[in-house]
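Chemist: Work the whole structure out from these sequences, hints included.
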Amino acid sequence: MKIIEITNLTKVYSENGNEVVAVNNVNLDFEQGEFTAVVGPSGSGKTTFLNMVGGIDNPTEGQILVDKVNICSLKSSELIDFRMNNIGFVFQAYNLIPVLTAKENVEFIMFLQNKPKAERAKRSAELLNAVGLSDRMNSRPSKLSGGQQQRVAVARALASRPKFILADEPTANLDSKSAETLLDIMEKLNREENITFIFSTHDPRVVNKARRVITLVDGQVAKDERNN
Amino acid sequence: MLSLCWKNIWRNKTRSLVIIFAIVFGVIGGVGFSAFYNGMIYQRLDAAIGNEVSNIQIHNPHFLENKEINDTIANMASILPILQNNKQIKAFSYRIKTFSMVNSANSSNGLLLLGIDAEKEKKVTGIYQYVKQGHYLDSCKKNSILIGQKLAEKLKIKLRSKVVVTLQSSSGNIASAAFKVAGIYNTGNTSFDERMAYVKYDDLAEIVGFNPGMAHEIAITVTDNKLTDTVTDKLKTKLAGYSVKSWKEIMPELGLMTDSGQYMLLIYMTIIFLALSFGIINTMLMAVLDRIREIGMLMAIGMNKLRVFIMITLETILLMFTGSFIGLILSYILVEILKKTGIDLTAFASGMADMGFSAIVYPFIEPNAYIQIVVLVIITGILSSIIPARKALRLNPSEAIRTQ
Ligand SMILES: Nc1ncnc2c1ncn2[C@@H]1O[C@H](COP(=O)(O)OP(=O)(O)OP(=O)(O)O)[C@@H](O)[C@H]1O
Ligand SMILES: [Mg+2]
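Line by line, the protein sequences give chains H and D.
When we follow the working numbering, the leftmost residue of the first sequence carries the number 210, and every step to the right adds one.
When we follow the working numbering, the leftmost residue of the second sequence carries the number -12, and every step to the right adds one.
Treat the hints with care, as some may be off.
Here are some, though not all, of the chain H residues that point toward chain D, as calculated from beta-carbon distances under 10 Å [as the list claims (entries may be wrong)]:
| # | residue |
| --- | --- |
| 1 | K277 |
| 2 | V278 |
| 3 | G297 |
| 4 | N304 |
| 5 | L309 |
| 6 | E313 |
| 7 | F320 |
Taking CB as the label site, the calculated pair distances span [what the hints assert, rightly or not]:
| # | chain 1 | residue 1 | chain 2 | residue 2 | range |
| --- | --- | --- | --- | --- | --- |
| 8 | D | I374 | H | N225 | 26 to 34 Å |
| 9 | D | D277 | H | K352 | 19 to 27 Å |
| 10 | H | D384 | D | I316 | 45 to 53 Å |
| 11 | H | N294 | D | M273 | 31 to 39 Å |
| 12 | H | P307 | D | R294 | 27 to 35 Å |
In short, the hints are calculated from the structure, not lab data.
The structure presented is a predicted model; accordingly, all values stated were derived computationally and were not measured.
Where a beta carbon is used, it is the ideal one built from N, C-alpha and C, also for glycine.
Modeler: Printed below as a string of structure tokens:
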């Protein structure tokens, strides 16, 4: 089942007269349950692409259908709610609220969704268990390693029961061991729970874990390979 | 949400503490100053009502204009039962009021001489409490006079000295009589003490040539000062043709001061909070700028604008609440202590005493003033969070996340 359909996606930044085409006429579809890496040199438009798919940034042209909903036509207030209910995000850094514990961070998005307290507590415990942090639930982010923080971020992204998870360079700040652990957890969630992941990366070892690799060059899709 | 906001406040402890202390001192300053002002005004008012004016006065209307000796209250016999039968009237006293000269061996002075029924007057005014030497008029021989300390000093006389009082009698002639100083009082209000002297009603009636019962003034004390206006209105309708006035009408400037006292606090606190709000805006702006990436992240994952706004506003209000709460508790304690001990202004009080303010001020504040402050805190909190909250709302999540 197609959950994301992208047609003619283009983003042009204009900065003091200069026009930068960050994403150039991209056409892509994503199926439910895919595990996709978006790669490409620095400045190739990975972040811009993921932000548009996530509804954080507006395209200059083209459209994005998420489950048949054209997110580009949503009002900004509708878009925020759409993101909350349909898309999970893992960023490179600053994913977590520093004053809240790991568990509270995971619960926060469910709090935004007005989920009852008991459900929040149950699900956040399950998810932190799934990312292997059941013993660090009550630690604040500053007491966790970078890898552990990113695992909390994955748990947080899953908490809202999104249709898919976007992760922009989730391993960029991690050592290779932590990066591998994180990817293993993501891969396991994908395999066992059929969670759709789209992540960008520079790291070849991370790329190897992906089952689909999209290569962007100068904002255009240069390659789209599947290896199973 | 509330606990998140509370935790957010303590991210930068120094910054929050600085602004909290500023609010604490602002509140203490505002409350303290108003309490002091209140204390001063109400003491002045209590003294004026308690020693001189009482709650309500009745006159012949002409007396107030001309101060003529013969403008006495007509038909006293019909008025007194009305006063006696009013349950809200605690006591009343009638007085002969004459403007006279007093001479000692050394000096002379103008004087407002009151002929009073000592027993009745005791229930209306508290001048007997201020007698420092000798005694009050109730246990005195004929032709005794009670004068103020200041007048005694001016005339260079002591207890049991003789003075001669000169005044106009009802027949239009000048009458003189010798009085012996039976008591000297001191209210602390020097202009009052210099100007007012008391003799027995019967003595003065005889000198001016009044029949028993004739008087210029009836002073009335009501059971509760709050009833003044009701009783005044009642008496006004019943006693048409007489001048019936409440203390507010008799001393409009004092009425104005007490009324304004209630707004004083509000005005002070508004000014103080206005000044503080700039500090608060600055603090919260910095708090928002420090968290651009985090707020951007929250907006990206689905925190809507209303919630971001509420978060910043709540943080601001919590910050102010903490400060005002501590400030209110401390000022409450301060006012309660000073209420008992008083603030002794003797060192700089000579000028104040001349104006009728006492040298020891006992500050106090109405309980609902505290509520007013809490309301003010909430309003200021909301108003001063608008700018920082708008700043947060204008963030573009995609750019905020990219910010390094
Ligand atoms: N806000 C912006 N204004 C102007 N140009 C921008 C803006 N954001 C990105 N760009 C430009 O768009 C292009 C794509 O940037 P983007 O961040 O998407 O690349 P990327 O593939 O994520 O790079 P990296 O691997 O370094 O993260 C770059 O040339 C960048 O300079
Ligand atoms: Mg990038």
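Chemist: Would you mind marking each hint as holding or not holding in the structure?
Modeler: For each hint, the structure was consulted:
no.	hint	in the structure
1	K277	violated (20 Å)
2	V278	violated (15 Å)
3	G297	holds (8 Å)
4	N304	holds (6 Å)
5	L309	holds (7 Å)
6	E313	holds (8 Å)
7	F320	holds (8 Å)
8	I374/D <-> N225/H: 26 to 34 Å	holds (29 Å)
9	D277/D <-> K352/H: 19 to 27 Å	holds (20 Å)
10	D384/H <-> I316/D: 45 to 53 Å	holds (51 Å)
11	N294/H <-> M273/D: 31 to 39 Å	holds (33 Å)
12	P307/H <-> R294/D: 27 to 35 Å	violated (18 Å)
Going down the numbered hints, you'll see the structure goes against 1, 2, 12, while the others check out.
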